[in-house]
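**Q** Heads up: the protein sequence lines correspond to chains X and R, in order.
When the letters of the first sequence are read in order and numbered with the numbering used here, they come out as residues 1 to 213.
When the letters of the second sequence are read in order and numbered with the numbering used here, they come out as residues 1 to 164.
Just so you know, the hints here were simulated from the structure itself, not pulled from any lab data.
Quick caveat: nothing in here was measured; it's all calculated off a predicted structure.
Backbone N, C-alpha and C fix where the C-beta goes; we use that ideal spot for every residue, glycine too.
Accuracy of the hints is not assured; some may be wrong.
What the hints assert, rightly or not - Covered by chain R, according to a simulated footprint, are these stretches of chain X (three or more residues, beta-carbon under 8 Å):
1. 106-115
2. 200-210
Stated by the list, open to error - No farther apart than 25 Å at their CA atoms in a straight line, the calculated lysine-lysine pairs in the PhoX-like style are these:
3. K13(X) / K155(R)
4. K57(R) / K13(X)
5. K32(X) / K22(R)
6. K76(R) / K209(X)
7. K14(R) / K9(X)
8. K22(R) / K200(X)
9. K57(R) / K110(X)
10. K120(X) / K97(X)
11. K159(R) / K131(R)
12. K107(R) / K8(X)
13. K200(X) / K39(X)
14. K39(X) / K76(R)
15. K117(X) / K76(R)
16. K200(X) / K111(R)
17. K76(R) / K13(X)
18. K107(R) / K13(X)
19. K155(R) / K200(X)
20. K159(R) / K13(X)
21. K51(R) / K9(X)
22. K131(R) / K9(X)
23. K13(X) / K22(R)
24. K22(R) / K110(X)
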Amino acid sequence: MEELDLLKKSWQKSEQSFEQVSENQIYTMIHKNSSSVVKWIMIIGIIEFVLVTALGIFIPDDNYDRTLEKNHVGTLVTVITIISYFVSIAFIYLFYKNFRTISTTDSVRKLMRNILKTRKTVQFYVWYNLGMFVIMFIIIMFSFCYYDENFSKMFDKVQLKENASLIWAGIIGLFFIMFSVMFGLFWLFYKLVYGFLLRKLNKNYQELKKIDL
Amino acid sequence: MSQDLEQSFVKQLKENQNIIHKICRLYTSGQDAHNDLFQEITIQLWKAFPKFRGDSKFTTWAYRVALNTAITLYRKSTRSISTTEFDNSKHFIKQEDYNYEEEEQIKLMYKAVYQLNDIEKALVFMYLEDKDYEEISETLGISEVNARVKMNRIKGKLKKILNP
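Okay, chain X solo, but in the shape it has when bound (with noise of 0.2 Å):
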């Protein structure tokens, strides 16, 4: 193409034209903070990791302990947590090891590569928080079915109405409600969080894989 080797002609002749950059400003340069997206990712994985890390931690207390008790799930619960930090340890350690192979030396499409899987790492252990949460969740408003007086007694009181079934009905879709309403807000952060940093680095994977299939 003609204009091409033209436009190169002018490209290797043009280096002059540039506002040469001195050594002082370069030192000032390396000093001050990189704004790249790898940082960004790895500021909101840590504030997402120490969130959900902080909701497990402060959530349950004494009196809670107490009721599991008495509903006879205590001993599973406590497993669940355990195993559940054990969990989160390995993922602490998947991250490290992530953020480390990120190394700007790579192709260009090796390091996307590598930047979305750190941040599917992130991801997974999101969603296996709010997986562990709904286990929990399940598993808690059964043995309160069941075992808990109170409910026993609202229970009772519930099926002596006339229009008990609705009441039920009512109860489902409030919890049904309560779900969808927690998970709506987790994707509105992921699309608008993530959304918006990774959106160009997803288009240009996306083209770089293109072309090579």
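Fit chain R to the known structure of chain X by using the hints.
**A** Then chain R, alone, in the frame of chain X:
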């Protein structure tokens, strides 16, 4: 030790800074955006410098890190490039060989290149830098054959933009 490292980095970067300037020219418009990307590339180069062992040339290594930054790591959107802002092409050609017609053509060509996406720009950049397809394929992480095919398609695309 780290002082030595810093000194050697700054010296080499200063000598080779035009590589970064040229990437900034393709991926940004306006002096502010240019400086911003220049700084980010410099930071990424410095961060990666301890791993640079000198078994490849400083420039080859710098191409890779710089393109990585422009395409992958740089957060600010480069989409808002307006062709009207780009008018520094007149600096490219020295006064003595000024040729109005050629200059106009080069300007149009730059405008066309601006309409390409980030990956296509990277290919064009390597082409303009006179890199062979082996280096292009290694830098981008695609096969040599596909790099060649893609480059031909880009030429076609540029032709279409120039003569719609």
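**Q** Please flag the earlier hints that this structure goes against, numbers listed from lowest up.
**A** When the structure is compared with the hints, numbers 17 and 21 turn out to be violated.
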